[in-house]
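**Student:** Construct all of the structure, not just a fragment, from the sequences and the given hints.
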Amino acid sequence: MTSPTQKEISAEIAERRDAYAKAVADGAPRMDHPHRDYPPYRSSVLRHPKRPPVPVRDPEAVELTGPVFGHTDVTEWDNDLTRQHTGEPLGERIIVTGRVIDRNGRPVRGQLVEIWQANAAGRYIHQRDQHPAPLDPNFTGVGRCLTDDEGRYTFITIKPGPYPWRNHDNAWRPSHIHFSLFGTAFTQRLVTQMYFPGDPLFPYDPIMQSVTDDAARQRMVAAYDHDLSKPEWALGYRWDIVLDGPTATVFEEGR
Amino acid sequence: MLPPTPSQTVGPFYGYALPFAKGGEIAPPGDPRTITLHGHVLDGAGQPIPDALLEFWQAGPDGSRSGAPGSLRRDPTTGAVIGRDGVAFTGFGRVPTDADGHYALRTLPPGGPPYISVCVFARGLLHHLFTRAYLGEPEGDPLLDSLEPRDRKTLIATPERDRVYRFDIRLQGDENHEETVFLAFD
Ligand SMILES: [Fe+2]
Numbered sequence: 001m002t003s004p005t006q007k008e009i010s011a012e013i014a015e016r017r018d019a020y021a022k023a024v025a026d027g028a029p030r031m032d033h034p035h036r037d038y039p040p041y042r043s044s045v046l047r048h049p050k051r052p053p054v055p056v057r058d059p060e061a062v063e064l065t066g067p068v069f070g071h072t073d074v075t076e077w078d079n080d081l082t083r084q085h086t087g088e089p090l091g092e093r094i095i096v097t098g099r100v101i102d103r104n105g106r107p108v109r110g111q112l113v114e115i116w117q118a119n120a121a122g123r124y125i126h127q128r129d130q131h132p133a134p135l136d137p138n139f140t141g142v143g144r145c146l147t148d149d150e151g152r153y154t155f156i157t158i159k160p161g162p163y164p165w166r167n168h169d170n171a172w173r174p175s176h177i178h179f180s181l182f183g184t185a186f187t188q189r190l191v192t193q194m195y196f197p198g199d200p201l202f203p204y205d206p207i208m209q210s211v212t213d214d215a216a217r218q219r220m221v222a223a224y225d226h227d228l229s230k231p232e233w234a235l236g237y238r239w240d241i242v243l244d245g246p247t248a249t250v251f252e253e254g255r
Numbered sequence: 001m002l003p004p005t006p007s008q009t010v011g012p013f014y015g016y017a018l019p020f021a022k023g024g025e026i027a028p029p030g031d032p033r034t035i036t037l038h039g040h041v042l043d044g045a046g047q048p049i050p051d052a053l054l055e056f057w058q059a060g061p062d063g064s065r066s067g068a069p070g071s072l073r074r075d076p077t078t079g080a081v082i083g084r085d086g087v088a089f090t091g092f093g094r095v096p097t098d099a100d101g102h103y104a105l106r107t108l109p110p111g112g113p114p115y116i117s118v119c120v121f122a123r124g125l126l127h128h129l130f131t132r133a134y135l136g137e138p139e140g141d142p143l144l145d146s147l148e149p150r151d152r153k154t155l156i157a158t159p160e161r162d163r164v165y166r167f168d169i170r171l172q173g174d175e176n177h178e179e180t181v182f183l184a185f186d
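Quick mapping for you: the protein sequence lines, in order, are chains A and B. Per our numbering, residue 1 is the first one in the first sequence, and the count goes up by one each step. Per our numbering, residue 1 is the first one in the second sequence, and the count goes up by one each step.
Do not take every clue at face value.
Claimed, not checked - Here chain A is said to cover these stretches of chain B; the calculated rule only asks that three of the stretch's residues, wherever they fall, bring their Cβ under 8 Å from a Cβ of chain A:
| id | stretch |
| --- | --- |
| 1 | 12 to 21 |
| 2 | 71 to 83 |
| 3 | 113 to 122 |
| 4 | 172 to 180 |
What the hints assert, rightly or not - Rough simulated footprint, nothing fancy, chain A against chain B, three-plus residues with beta-carbon under 8 Å:
| id | stretch |
| --- | --- |
| 5 | 29 to 37 |
| 6 | 54 to 68 |
| 7 | 126 to 136 |
| 8 | 161 to 169 |
If you're looking for bench data, these hints aren't it; they were derived computationally from the structure. Predicted model only: the values in this text are computed from it and were never measured. Where is the CB? At the ideal position from N, CA and C, for every residue including glycine.
**Tutor:** Laid out in structure tokens, this is it:
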């Protein structure tokens, strides 16, 4: 089986973007999330349900509550990915910070944020990642923290490199950091990816482009924030995360 | 209402980050009430999915829904995961499928409605999926009552032997198999 070319994948991406734009123009609701059925991302073809999900509107649903985490689950150094080994990792040191809030703007407090990423050369420390870029003995690429009372998280890391993958011929992922987030309800669970502003690989990447709504896609891109940058030390990026989904507290007064 | 941050696939490389030691052992060790929930995660060709990650959330055996911290409890000296303390019931589990696309969870039966909530992540899945594993067929359950019998069946874990339940998850149906019912909360 020959791999599709980038040109073929890009044509499929454009086709779906145009179909979405037309649907919205014809009155269809905007989509905040990716299409689960998104053939330009080939692995989605056999891994998406063909039937729509069944709505659950039971106010007693267990999913309206969710798991909790605490200081036993995270150590103080887990949010600094540059200090997990004896030496310093290679690459551009960065600070990534932002707030985790719900759709009403309320902070998600004391919740677990987990991240993972490639090293500066675009290589994951995963045995399935065998592309010919160097591993960095001083970088694992995994971090976690709890949000503070304002819902804020902060990580110190290095900027991950772009990397090739096998979706199609000459496929490259833009630089990204994987994020895993919990809200106050299990319904708010989110796994996503943070991208870096101005990356020239955005239009070629079917994973990012699976979010066909332009404004929604832009919400996955962090902002460079010069006030966050620290002289002689690190560049700052700000990325706020808004969790979707209802919670048990939505109808409670005073929350 | 603020627009939400979009979901993206968990991808293939979460293995160093998300799974943790004893992630599927929610039951305190040695508790005689312990049950096992296990099965395969399968794609639309009926093939097992070796790179899926399942998360479980449930009420405690007393029906409480507050959970407890400590699922990923760490050794303060080494930072390594040492697992739950064997006392608190955290209600949360996380299990990656193995090379055969199989998972197993050991937990206590939830108090209240007899279901365990399941969240599915996988390479190739751009937005996670929610479903439920029912350990019985309660009367008057709003979700089960809303489903056709063949769909309803996909949510009922099959008792295999004493305290062992089988629950397969099919991300996509085929001619011979019903797709698992997935849930939307909005
Ligand atoms: Fe990645």
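**Student:** For each hint, tell me whether it holds in the structure or not.
**Tutor:** Quick rundown of the hints versus the structure:
1. 12 to 21: holds (count 7)
2. 71 to 83: Check passed, 6 qualifying residues.
3. 113 to 122: Answer holds; 6 residues pass the 8 Å Cβ test.
4. 172 to 180: holds (count 4)
5. 29 to 37: Contact hint for the stretch 29 to 37 of chain B vs chain A: violated, 0 residues under 8 Å.
6. 54 to 68: It holds, with 8 qualifying residues against the three required.
7. 126 to 136: holds (count 5)
8. 161 to 169: It is violated: at least three residues are needed, and the stretch 161 to 169 of chain B offers just 0 whose Cβ sits closer than 8 Å to chain A.
Violated hints, in rising order: 5, 8; the structure is consistent with all others.
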